[in-house]
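Asker: Protein sequences, first through last, are from chains E and H. The numbering of the first sequence is the UniProt record's numbering, which starts it at 1 and goes up by one. The numbering of the second sequence is the UniProt record's numbering, which starts it at 1 and goes up by one.
Everything labelled a hint here was simulated from the structure, so no lab data went into it. Check each hint, because a few of them may be wrong.
[Stated by the list, open to error] To spell it out: a stretch of chain E is covered by chain H in this simulated footprint if at least three of its residues, at any positions, have a beta carbon under 8 Å from a beta carbon of chain H; those stretches are:
no., segment
1, 21-29
2, 88-100
[Said to hold, decoys possible] Cβ-Cβ distance ranges computed for the label pairs, FRET-style:
no., chain 1, residue 1, chain 2, residue 2, range
3, H, F565, E, F22, 50 to 58 Å
4, E, I64, H, L584, 18 to 26 Å
5, H, I587, E, C18, 23 to 31 Å
Predicted model, so just to flag it, every value in this text is computed and none were measured. Backbone N, C-alpha and C fix where the C-beta goes; we use that ideal spot for every residue, glycine too.
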Amino acid sequence: MSSIPLAAYLMLALILFCIGLFGALTKRNAVIVLISIELMLNAVNINLVAFAKYSINPGLTGQIFSLFTITVAAAEAAVGLAILIALYRNRQTVNVDEMDTMKR
Amino acid sequence: MLQSSWLIPLFPLLSFILLLILRKSKSESTAWIGVLLTGISLVLSVGVWLAVWQGDFIKVEGTWFQIGERAITMGYEVNPLNALMLVIVSLVSFLVHLYSKGYMHGDERFPVFFAYLGLFSFAMLGLVLSPNLLQLYMFWELVGLGSFLLIGFYYFKPEAKAAAKKAFVMTRIGDVGLFIGMVLLFWQVGSFEYDEIFASVKNGDISSGMLTLTALCIFVGAIGKSGQLPLHTWLPDAMEGPTPVSALIHAATMVAAGVYLVAAMYPLFQASETALTVVAVVGGVTAIFAASIGLMQKDIKRVLAYSTVSQLGYMMLALGASGYVAGIFHLTTHAFFKALLFLAAGSVIHAVHTQNIEEMGGLWKKLRVTGPLFLIGALAISGVPLLSGFFSKDEILASTYADGKYGLFWLAVVAAFMTAFYMFRLFFLVFTGKPRGDQSGVHESPGVMTLPMIVLGVLAVVAGYLNTTWFGTFLSDYLARGPVELPHAEHHGPGWIPIVATAASLLGIALAYLIYRRGALSRDWMTRSLPGLSDVIYNKWYVDEGYDATFVKGTKGLSKLGILFDKYVVDGLVAAVVSGVQGLSKIGSRLQNGQVQSYGTFAIFGIVILLLIVALTGGYFS
Chain E
1 MSSIPLAAYL MLALILFCIG LFGALTKRNA VIVLISIELM LNAVNINLVA
51 FAKYSINPGL TGQIFSLFTI TVAAAEAAVG LAILIALYRN RQTVNVDEMD
101 TMKR
Chain H
1 MLQSSWLIPL FPLLSFILLL ILRKSKSEST AWIGVLLTGI SLVLSVGVWL
51 AVWQGDFIKV EGTWFQIGER AITMGYEVNP LNALMLVIVS LVSFLVHLYS
101 KGYMHGDERF PVFFAYLGLF SFAMLGLVLS PNLLQLYMFW ELVGLGSFLL
151 IGFYYFKPEA KAAAKKAFVM TRIGDVGLFI GMVLLFWQVG SFEYDEIFAS
201 VKNGDISSGM LTLTALCIFV GAIGKSGQLP LHTWLPDAME GPTPVSALIH
251 AATMVAAGVY LVAAMYPLFQ ASETALTVVA VVGGVTAIFA ASIGLMQKDI
301 KRVLAYSTVS QLGYMMLALG ASGYVAGIFH LTTHAFFKAL LFLAAGSVIH
351 AVHTQNIEEM GGLWKKLRVT GPLFLIGALA ISGVPLLSGF FSKDEILAST
401 YADGKYGLFW LAVVAAFMTA FYMFRLFFLV FTGKPRGDQS GVHESPGVMT
451 LPMIVLGVLA VVAGYLNTTW FGTFLSDYLA RGPVELPHAE HHGPGWIPIV
501 ATAASLLGIA LAYLIYRRGA LSRDWMTRSL PGLSDVIYNK WYVDEGYDAT
551 FVKGTKGLSK LGILFDKYVV DGLVAAVVSG VQGLSKIGSR LQNGQVQSYG
601 TFAIFGIVIL LLIVALTGGY FS
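In isolation and in its complexed conformation, chain E is listed as follows (with noise of 0.2 Å):
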C-alpha cells in the first residue's frame, strides 16, 4: 500500500483533471461536457483523498469533504442535466456551438 507514492496519485489525478478539461473545452455535445466535468471534480476527489492519506498530520478530513463533493456533484449533475433537457426542448439540439444566446 504504502509502496505507492503520492505523486502517482496526483498524475493520475491530473491526468485524469486534463482528460476532463479537454472534454469540456472541445466538445460539442453537452452531455459530454457534463460528463468531462464529472471527470475533473473526480480528479479533484483523488487529490483530497490522497492528501488526506500522505499529508504530514494524515486524517479524515479529506476523504469526508470528497464524499461532500460526491454528494455535491450528484445534485450538480441532476440540476445540468435538467438544464440540458429544458434547453433541448427549447432549441432542438444539444450541440454546445449553438448555445451562444450570450452573444446575441
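Place chain H on chain E using the hints.
Answerer: For chain H alone, coordinates are given in the frame of chain E:
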C-alpha cells in the same frame, strides 16, 4: 486750424461709409459725395499747410493701451514734411475723384469705386498724420488694402485679379521687413514714437550694427511699397486697375509712401552710412533699370508705370545721397506731373478704347486739350528747363554729385536721357503721325476730366519754383523747420550739372523725334544692332520669368513636397493608427464570440500564463 487736422482723414472715411451704404445706387451723382468730402479734406489740408508754413507744429497723443510700463500711444502730428504730403495726397485725391466722375461713367459699380477711393484716401492721409510707427504700420496695411481693392476693381478680368493678388503679395514681402524693423526698434528704444526713436538714435543708445539693420529692414518696407528693385514687378501689373487709380495710387501717393517712410525716418538712416549707401544704390539702379524697360513697352500705361518706378528710384537715390530736400522736392513735382500724365493717358484710353500705342497715332488734332497737357507732363518729367521736373531732377543730380557718388550720378544722367526718350517716343507715337487704328468715335473728354488735368498741368509747370536757386529755396527752408536736421544746407554741385542734365534730356527728345517723327532713323535700328540686349529689355530683363522660375516654382515644389509629406507621412501615420486600433478591436471582438467553451479556453490559458510567471519568478513577484 492745426487742432482740427485730425479731421482731414475722416472726411474720406465718411465718404467711404456713405458710398458703401449707397453702393446699389444707379445714380452717378453719388460721385459728388466723394468729390465734396475730399474737397473739404483738401481745404483743411491747405489750411494746415499754411499754418505750418508760418511755423506752427502740433503733436497730440493719447495713451491707447499699456503694456507693463510701456504706453502705446495714438494721435496725430503735423510737421513740415507731412503737412506737405497732406496737401499732395488730398489734392491729387480730390482731382482724381473729380476725374473719375467722367472716366467711370457708365460703370455698373460706380459708387463702389468712389467708396474704395475714399477708403484709400482715408488710409493714406492717416498714414501721413501718424506720429508713431505702429499707427503708420496700420495705415500702411490699409493703404495696401485700398490698392488691392482698386487694382482688382475689374475683378471679372483674370489679369486684374492676378495683378491685385500680385500687388498684395509683393508689397507684403516688404511689409514683413518693415514690421521686423519696427519690432527691432521697439526692442531697442521701447517706443514706437518717432521722437523717442530719434532721441535715442542721437544719444547713441543703439549700437551701430543694430542701427544699420533696423534702417535696412525699414527700407525693405519702402522697397515693397515704392516698387524698387527687386520688388518692382507688381507696379506695372497694377496698371490693370482703372486709370484714375493708377494716377492716384500708383503714381502720386501710395508708391510715394515708401519714399515718405524713408524721409520720415531720416535721422535713423542718417546715423548709418551703410543704410544710406544701400538706399542710394537701390534707388539709382532702379532708376536706370526701370527706365530701360520703359524704352520698349507697347502699352501706354505700362510705359508710365515703369517711368514711375524709375522716378521713385530717383527719389530714393536723392535720399540716399543725403539729398533730403531734393528727394521730397522730386516727390512733390513727380506727384503732379505723373498724375497729370496718367490722367492724360486715361483720357486717351477713354477716347480710343485701347492701351496699345501701336494702334494710336495722330491724336493731337482730335484731343485738343489732352494733347498739350500730355506734352506739358512729358516735358516736365523729361527735365526740360523751366518746368518743374527740371528743378527737382537737377537738385537730385547735384546732391548725388556733391555726396561723392559719381557712379550713381552718371547712372542717373543716363536714366534722365532714357526718360526723355521714352516719354517722347510715347508722345510722338500717340499724338503725331497717321492714325494706325480705328478712330471714328474719338472725341475730347468731358469737362470733369479735363479740368483736373488742367489744374495738374499748371502745377506741373510751376511746382518747380518751390525750390530754385534763382528765386529762393522755399521748400528747403520750409523743411528745415521740421524735426529732421538737414544734412547740408547747401549742396549745390558744380554749375555744369544742370547743363549736362538738360543736354541729356534734350538729346533723348531729339533722338525720339528723329526715330518716331521724322523717321530719319529706322525704328528698329537698336533691335537690329543689339538683338540680344533688346530682347532682354523687351522682356523686362526677365525678372518676372526669373521669379517664376525661382520663387514661384520653388514654392510650388515645396508645396508639392508638403503634399507628398502630408499624403504619405501624416496620412500614413493616421492610417497606421487607425488600422492598428481596428486590428486590436477585431482580435478583441473575436474573443467575445459567445461560446462558453472558448471563454473557458482563454481562462485556462490565462491561468497557465499566470502560473508560469509565478513558477519562473518564484512566487509573488518577489
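Asker: Evaluate each hint against the coordinates.
Answerer: Outcome of the hint check:
With 4 residues bearing a CB less than 8 Å from a CB of chain H, the segment 21-29 of chain E meets the requirement of three and the coverage assertion stands. For the segment 88-100 of chain E, the stated coverage by chain H is satisfied: 4 residues place a CB nearer than 8 Å to a CB of that chain, which reaches the threshold of 3. Against the hinted window of 50 to 58 Å, the Cβ-Cβ separation of F565/H and F22/E comes to about 55 Å, which satisfies the hint. Between I64/E and L584/H the C-beta distance comes to about 50 Å, which lies outside the given range of 18 to 26 Å.
Distance hint check: the CB atoms of I587/H and C18/E are about 27 Å apart, consistent with the given range 23 to 31 Å.
In summary, the structure is inconsistent with hint 4 from the numbered list given earlier, while agreeing with all the others.
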